[in-house]
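Colleague: Please put together the full structure from these sequences, using the hints given.
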Amino acid sequence: MTSLVTRAQIILLARTLHVPPERLAHLEKLGPDRLHELQERMSRTIFDEHAETFRRISRLVPFIPLSVSMPLIQRIVPPAMTGRAAGAVGADHPKKAAETVSLLGTSYAADCVPYIDPVTVGHLADGVPPQPLVQVVNEILRRHDYITVGPFLDYATPTLIEALELGARDDEGLIHASAYAYSATAVNAVVRQLLSGPSQRIPRLVRTVLAGPPDLQRAGLSIFARCEPEIIRAVGEVLFSVGSPPAIGTLITNAIRIGSVPDILTFTGNLSRQALGRMAGNPVFAEQGVMAAIVAALNGRTEPNYWRGFFALAARTSTEIQQRTVRLLAEMPDANVVDLPMRATESDGWPMLLQLIAVADPAVQQRFGTAWAGLSAERRAGLQWHIHEHHLDARLTAITEAAPTMSVEEVFFKRRQARRHLGAAGAGSGSADSWSPW
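Residues in the sequence shown are numbered consecutively from 1, following my numbering.
Quick caveat, the hints were computed from the structure, so don't treat them as lab data.
Check the hints yourself; a few may be wrong.
[What the hints assert, rightly or not] Simulated pairs of lysine to aspartate or glutamate, DMTMM-like, Cα-Cα distance not exceeding 25 Å:
(1) K96 / E37
(2) K29 / D154
(3) K29 / E40
(4) K29 / E162
(5) K96 / D170
(6) K96 / E28
(7) K95 / E162
(8) K29 / E303
(9) K96 / E52
(10) K95 / E52
(11) K96 / D154
(12) K95 / E22
(13) K95 / E139
(14) K95 / D171
[To be verified] The calculated label-pair distances, taken between Cβ atoms and stated as ranges, are:
(15) A363 / R34: 40 to 48 Å
(16) N299 / P245: 22 to 30 Å
(17) S102 / G289: 51 to 59 Å
We put the CB at the ideal spot given by N, CA and C, even for glycine.
Modeller: Set out below in structure tokens:
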């Protein structure tokens, strides 16, 4: 999840608490998940405190004709109050909700949306024809209030998402709004509809991202990186069918400049084999600073999705770029180099990592061998197993000689010895004879 989602949660929490977002900036370190939980709890508390007031308003609905009350409300009731009451009233009177939306002016309704309890959006959408809601969304997008649309998408029904595909006219706005949605499930539902729906909007949206400014590209990458693997593969096919190598190269360099390397690596790690080859073959990776910036962005990062994309990308580049890349890995801090085998295990990247090291010069290989010589005997055995499994013994002698190991049988023997010494032969959840190469 990206910083865009974190920013959205800060702004939504600030709206809930009626304070400027700047006063809550220090909470960004909580991350999007904890911020979302905090915002939901605060919102729930406030709505619960006013529940009795909303119930009183709801009880009046059957007695006052909407044709009389709606024009009056729009003239004298602040949108904040109407928005907060809308959820409770709509839940109690779903048929009236549909009529209410049709009687409200689009502009006034758009003013109300930031104050509606997001949880009730799904209930309201179920009973309301989608077209008036799409008109409201279009008005909010016209105002560039993308963060308000994010929670709307989080709780949107399939029917509403279908209507948005056909009726939300602002491509850039839809991209920005989807990037601010908290729910990855909602993001996937939106992109899936845009892929398979009757309007087939993904090619147009991808062109919009490629031609757009860096902030739009950041939003697009954020969306695509949060999608499920099969959706990423489908979007990837579209990207390389409509995007020229220079346009995709610009997307990559902009991703580096705006801090979206994790997103583009996550996206890359789920591309089809053909699309991955076209990504790795982009001339931009021949530029001296590009792979250096990508490796620098991985410093201290442990997320498997990032490393999966990096290993897959680097292993498909030319030999010259691979040699440069593995040299950059060798220049990382000692702790990062020592942890590379763990990163390879967690990301299923062993074949790619070993391939990179195999094309390195002896001095670089020696750097890895020296760093990994300090691993535990069991992990050194795992390292040797991977090297042998991928038939790289002859090409990685600098590592196998620098990081001496013991046989698997010796690993078992040492483990049994240690357990007997500790008197814990029967303790633990694993078997004494179970072994993983890493």
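Colleague: So, for every hint listed, does it hold in this structure?
Modeller: Evaluated hints:
1. K96 / E37: Measuring from Cα to Cα gives roughly 31 Å; hence the hint is violated.
2. K29 / D154: holds, 23 Å
3. K29 / E40: Holds: K29 and E40 sit about 18 Å apart, inside 25 Å.
4. K29 / E162: With Cα atoms ~36 Å apart, K29 and E162 exceed 25 Å; violated.
5. K96 / D170: violated, 30 Å
6. K96 / E28: With Cα atoms ~40 Å apart, K96 and E28 exceed 25 Å; violated.
7. K95 / E162: Holds. K95 to E162 sits at ~21 Å (cutoff 25 Å).
8. K29 / E303: holds, 17 Å
9. K96 / E52: holds, 20 Å
10. K95 / E52: holds, 21 Å
11. K96 / D154: holds, 24 Å
12. K95 / E22: violated, 41 Å
13. K95 / E139: Distance ~24 Å between K95 and E139 Cα, so the pair holds.
14. K95 / D171: Since the Cα atoms of K95 and D171 sit roughly 32 Å apart, the hinted pair is violated (cutoff 25 Å).
15. A363 / R34: 40 to 48 Å: For R34 against A363, whose Cβ atoms are near 45 Å apart, the range 40 to 48 Å holds.
16. N299 / P245: 22 to 30 Å: holds, 28 Å
17. S102 / G289: 51 to 59 Å: holds, 56 Å
This entry does not satisfy hints 1, 4, 5, 6, 12 and 14, going by the numbered hints stated previously.
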